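J.: Assemble chain Z onto chain D, guided by the hints.
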Amino acid sequence: MCDAGHKVYVFRFRPSSHSEDFTVIATYKSVEKAEKVERALKDLLEDMEEHPDDYDIDWSPDEAYVSLEGNKVRFEVYTAGYLSDVESVIKKVAKPETIEWYRDYQEITVRVRVPKGLTVESAMLVLDREEAEAIKWFRENCGEPKVIDCGDGTQLLEWFYRGDGIYDDDTLYIGFQFYVGDRDNWEVE
Amino acid sequence: MSERMKEVANLLKEIEEMIRRELERRMDDIEKITSRLEVTPEEYKELMVAEVVFEPGISIEVHFILPPWNKSPKEVREKALKLLEKKLKRDCRLYLSA
Numbered sequence: 002m003c004d005a006g007h008k009v010y011v012f013r014f015r016p017s018s019h020s021e022d023f024t025v026i027a028t029y030k031s032v033e034k035a036e037k038v039e040r041a042l043k044d045l046l047e048d049m050e051e052h053p054d055d056y057d058i059d060w061s062p063d064e065a066y067v068s069l070e071g072n073k074v075r076f077e078v079y080t081a082g083y084l085s086d087v088e089s090v091i092k093k094v095a096k097p098e099t100i101e102w103y104r105d106y107q108e109i110t111v112r113v114r115v116p117k118g119l120t121v122e123s124a125m126l127v128l129d130r131e132e133a134e135a136i137k138w139f140r141e142n143c144g145e146p147k148v149i150d151c152g153d154g155t156q157l158l159e160w161f162y163r164g165d166g167i168y169d170d171d172t173l174y175i176g177f178q179f180y181v182g183d184r185d186n187w188e189v190e
Numbered sequence: 005m006s007e008r009m010k011e012v013a014n015l016l017k018e019i020e021e022m023i024r025r026e027l028e029r030r031m032d033d034i035e036k037i038t039s040r041l042e043v044t045p046e047e048y049k050e051l052m053v054a055e056v057v058f059e060p061g062i063s064i065e066v067h068f069i070l071p072p073w074n075k076s077p078k079e080v081r082e083k084a085l086k087l088l089e090k091k092l093k094r095d096c097r098l099y100l101s102a
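Protein chains in written order, with the numbering used here: chain D, 2 to 190; chain Z, 5 to 102.
Heads up, some of the hints might be wrong.
Said to hold, decoys possible - Cross-link-like lysine-lysine pairs, in silico, DSS-like; alpha carbons within 25 Å at most:
(1) Z:93 / D:37
(2) D:37 / Z:75
(3) Z:90 / D:43
(4) D:34 / Z:36
(5) Z:10 / Z:75
(6) D:34 / Z:93
(7) D:37 / Z:91
(8) Z:90 / D:37
(9) Z:91 / D:43
(10) Z:36 / D:96
(11) D:43 / D:30
(12) Z:90 / Z:10
(13) Z:10 / Z:93
Unchecked claim - From the derived model, a few chain D residues whose C-beta atoms are all more than 12 Å from chain Z:
(14) 55
(15) 82
(16) 149
(17) 175
(18) 179
(19) 180
To be verified - Label pairs and their in silico Cβ distance ranges:
(20) D:20 / Z:61: 12 to 22 Å
(21) Z:35 / D:147: 48 to 58 Å
(22) D:159 / Z:35: 48 to 58 Å
(23) D:20 / Z:74: 24 to 34 Å
(24) D:19 / Z:18: 28 to 38 Å
(25) Z:46 / D:159: 39 to 49 Å
(26) Z:61 / D:174: 30 to 40 Å
(27) Z:82 / D:130: 52 to 62 Å
(28) D:31 / Z:30: 27 to 37 Å
It is worth saying that the hints were derived from the structure and are not from the lab.
As the structure is a computational prediction, the values presented were derived from the model and not from experiment.
We put the beta carbon where it would ideally sit given N, CA and C, even for glycine.
Just chain D, same shape as in the assembly (with noise of 0.2 Å):
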């Protein structure tokens, strides 16, 4: 859509129907940039309650939540995706290192109990199918597990995953659903 000679910048998120819990994180250089990133979208937040007419948005100011860890801005907000001005700000106060979008953000640590000194390979042998499915789709994503020696003859598999929403009500959507509920050597918090 744009001609040669001109950087193309893309805004990420066009709307859609359907509203869902936005998170962005925004990685800055430093920690003062991250600060002023931060100040900025609270600014832009005030400037929203104050001319309201002025900005396309499903969403209240007052619902949004800005934070800030370390060098990180983090901005949330339940939205169809109306999130051009948030974006504006993150990319023009200072440039990020990295923008992260996620759809009903989760952190969430899961554990799978196996007889101790089994490697991950031999876990998923002696796993049933589904949990063998989910053991290899939480390496992909999560990378190798930590290994927790449980002094019982057992030992935890633990990954920590962070990312767009993949557990609800006991259950695991990592493209199969995998119901952890009734499953006693799986633990996700």
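T.: This is chain Z only, laid out in the frame that chain D set:
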């Protein structure tokens, strides 16, 4: 690309060029704004072009120039200019009033 989609793409391209021209005329404001930001005036202009085009008022409405809606392209262009004006005012308030 179908003829219908070509029409939409051409209008989007036209709107982008129109926004760039308008921003060129507002370089004084843009230089003041970007002096408070980390982006260059050129980067600011291109971010603003993307922001206007991706707003639902434009990105969705641009398709309404096709049948059965047959909305006038002029109407969409005018809407884009109004949107740009709002966004420039927003940035002046956010970055120049402090």
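J.: None of the hints should be skipped; say for each whether it holds.
T.: Right, here's what the structure says about each hint:
| no. | hint | verdict |
| --- | --- | --- |
| 1 | Z:93 / D:37 | holds, 20 Å |
| 2 | D:37 / Z:75 | violated, 42 Å |
| 3 | Z:90 / D:43 | holds, 19 Å |
| 4 | D:34 / Z:36 | holds, 19 Å |
| 5 | Z:10 / Z:75 | holds, 16 Å |
| 6 | D:34 / Z:93 | holds, 24 Å |
| 7 | D:37 / Z:91 | holds, 20 Å |
| 8 | Z:90 / D:37 | holds, 23 Å |
| 9 | Z:91 / D:43 | holds, 17 Å |
| 10 | Z:36 / D:96 | holds, 18 Å |
| 11 | D:43 / D:30 | holds, 20 Å |
| 12 | Z:90 / Z:10 | violated, 29 Å |
| 13 | Z:10 / Z:93 | violated, 32 Å |
| 14 | 55 | violated, 5 Å |
| 15 | 82 | violated, 9 Å |
| 16 | 149 | holds, 43 Å |
| 17 | 175 | holds, 31 Å |
| 18 | 179 | holds, 36 Å |
| 19 | 180 | holds, 38 Å |
| 20 | D:20 / Z:61: 12 to 22 Å | holds, 18 Å |
| 21 | Z:35 / D:147: 48 to 58 Å | holds, 52 Å |
| 22 | D:159 / Z:35: 48 to 58 Å | holds, 53 Å |
| 23 | D:20 / Z:74: 24 to 34 Å | holds, 31 Å |
| 24 | D:19 / Z:18: 28 to 38 Å | holds, 31 Å |
| 25 | Z:46 / D:159: 39 to 49 Å | holds, 48 Å |
| 26 | Z:61 / D:174: 30 to 40 Å | holds, 34 Å |
| 27 | Z:82 / D:130: 52 to 62 Å | holds, 60 Å |
| 28 | D:31 / Z:30: 27 to 37 Å | holds, 31 Å |
When the structure is compared with the earlier hints, violations turn up for hints 2, 12, 13, 14 and 15 and for no others.
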